[in-house]
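Chemist: Here's the letter readout for the chains.
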Amino acid sequence: GDSVTQMEGPVTLSEEAFLTINCTYTATGYPSLFWYVQYPGEGLQLLLKATKADDKGSNKGFEATYRKETTSFHLEKGSVQVSDSAVYFCALSTSGTYKYIFGTGTRLKVLA
Amino acid sequence: DSGVTQTPKHLITATGQRVTLRCSPRSGDLSVYWYQQSLDQGLQFLIQYYNGEERAKGNILERFSAQQFPDLHSELNLSSLELGDSALYFCASSVSPGTGGDGYTFGSGTRLTVV
Numbered sequence: 001g002d003s004v005t006q007m008e009g010p011v012t013l014s015e016e017a018f019l020t021i022n023c024t025y026t027a028t029g030y031p032s033l034f035w036y037v038q039y040p041g042e043g044l045q046l047l048l049k050a051t052k053a054d055d056k057g058s059n060k061g062f063e064a065t066y067r068k069e070t071t072s073f074h075l076e077k078g079s080v081q082v083s084d085s086a087v088y089f090c091a092l093s094t095s096g097t098y099k100y101i102f103g104t105g106t107r108l109k110v111l112a
Numbered sequence: 001d002s003g004v005t006q007t008p009k010h011l012i013t014a015t016g017q018r019v020t021l022r023c024s025p026r027s028g029d030l031s032v033y034w035y036q037q038s039l040d041q042g043l044q045f046l047i048q049y050y051n052g053e054e055r056a057k058g059n060i061l062e063r064f065s066a067q068q069f070p071d072l073h074s075e076l077n078l079s080s081l082e083l084g085d086s087a088l089y090f091c092a093s094s095v096s097p098g099t100g101g102d103g104y105t106f107g108s109g110t111r112l113t114v115v
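Those protein sequence lines, which keep their order, are chains A and B. With my numbering, the residue at position 104 of the first sequence is 104, and numbering never jumps. With my numbering, the residue at position 25 of the second sequence is 25, and numbering never jumps.
No wet-lab data here; the hints were simulated from the structure. Note that beta-carbon positions come from the ideal geometry of N, C-alpha and C, so glycine has one too. Fair warning: there could be bad hints in the mix.
[Said to hold, decoys possible] Straight-line distance between alpha carbons at most 20 Å, and here's what the computed SDA-like set of lysine to any residue pairs gives:
#1 A/Lys68 with A/Gly1
#2 A/Lys68 with A/Pro40
#3 A/Lys77 with A/Thr94
#4 B/Lys9 with A/Thr24
#5 B/Lys57 with B/His73
#6 B/Lys57 with A/Asp2
#7 B/Lys9 with A/Pro40
#8 A/Lys68 with A/Ala27
#9 A/Lys56 with A/Asn22
#10 B/Lys57 with A/Ile101
#11 B/Lys57 with B/Gln67
#12 B/Lys57 with A/Ser3
#13 A/Lys60 with B/Ser2
#14 B/Lys9 with A/Asp2
#15 A/Lys109 with A/Ser3
#16 B/Lys57 with A/Gly1
#17 A/Lys77 with A/Ala27
#18 A/Lys56 with A/Lys68
#19 A/Lys60 with A/Pro40
#20 A/Lys52 with A/Thr106
#21 A/Lys60 with A/Glu15
#22 A/Lys109 with B/Leu39
#23 A/Lys52 with A/His74
#24 B/Lys9 with B/Ser79
#25 A/Lys60 with B/Asp71
#26 B/Lys57 with A/Thr94
#27 A/Lys77 with A/Ile101
#28 B/Lys9 with A/Gly41
#29 A/Lys77 with A/Ala17
#30 B/Lys57 with B/Leu88
#31 A/Lys109 with A/Glu42
#32 A/Lys77 with A/Thr65
#33 A/Lys68 with A/Thr24
#34 A/Lys60 with B/Ser79
#35 B/Lys9 with A/Pro10
#36 B/Lys9 with B/Ser86
#37 A/Lys68 with A/Ala112
[As the list claims (entries may be wrong)] Residues of chain B clear of chain A, computed beta-carbon distances all greater than 10 Å:
#38 Val19
#39 Arg22
#40 Asp29
Build out the structure end to end from the sequences listed, making use of the hints.
Modeler: What follows is the structure in structure tokens.
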């Protein structure tokens, strides 16, 4: 079945460091791919999305490119801030389905 | 504020009891989804409703049930509660019944603790 694999956390970085959180997927169709962020005590918020191969999603300095050849959707940010500390979830949905498949989440901690 | 309202925020109850979690979707959204988030299982899709009708079922236990009312709010009923039901329960909403490329809007969740 469809699945999403994320790198294990926690990831601890200093402020202004470069961030990469790896995400790979397995899907029988042509999925849409998403990154969600969950701040402490809150629900998930859509961070960015890409709906077809080679699309780049971007928001708040975060970027991810839909790579069909490597079935990946890695999240990157050039310079993280303390306020980026949160749990990041990679997810997919395939056309005709009614649910997301979420990865297990990666906790990011940014130190001042 | 995401626009999706969940009540209560916290709930503590004993094993064997029954609880009801409530969700009001974002204005204009017709589809409601329920997810369970636990430490060992991650985010698990439970069930989806669209405009009052059940559209999809995921890993929802028979002890759990849900419905969506004419005003589009939804309730998730959990009965014969067990310790393992302790989790964060999220509601999400979207305009269309499928996720498409639009994404969901999530509420802030109800934290259920079964003691």
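Chemist: Would you list, in rising numerical order, the hints stated earlier that this structure does not obey?
Modeler: Violated: hints 2, 3, 4, 14, 15, 17, 20, 25, 27, 34, 35 and 37.
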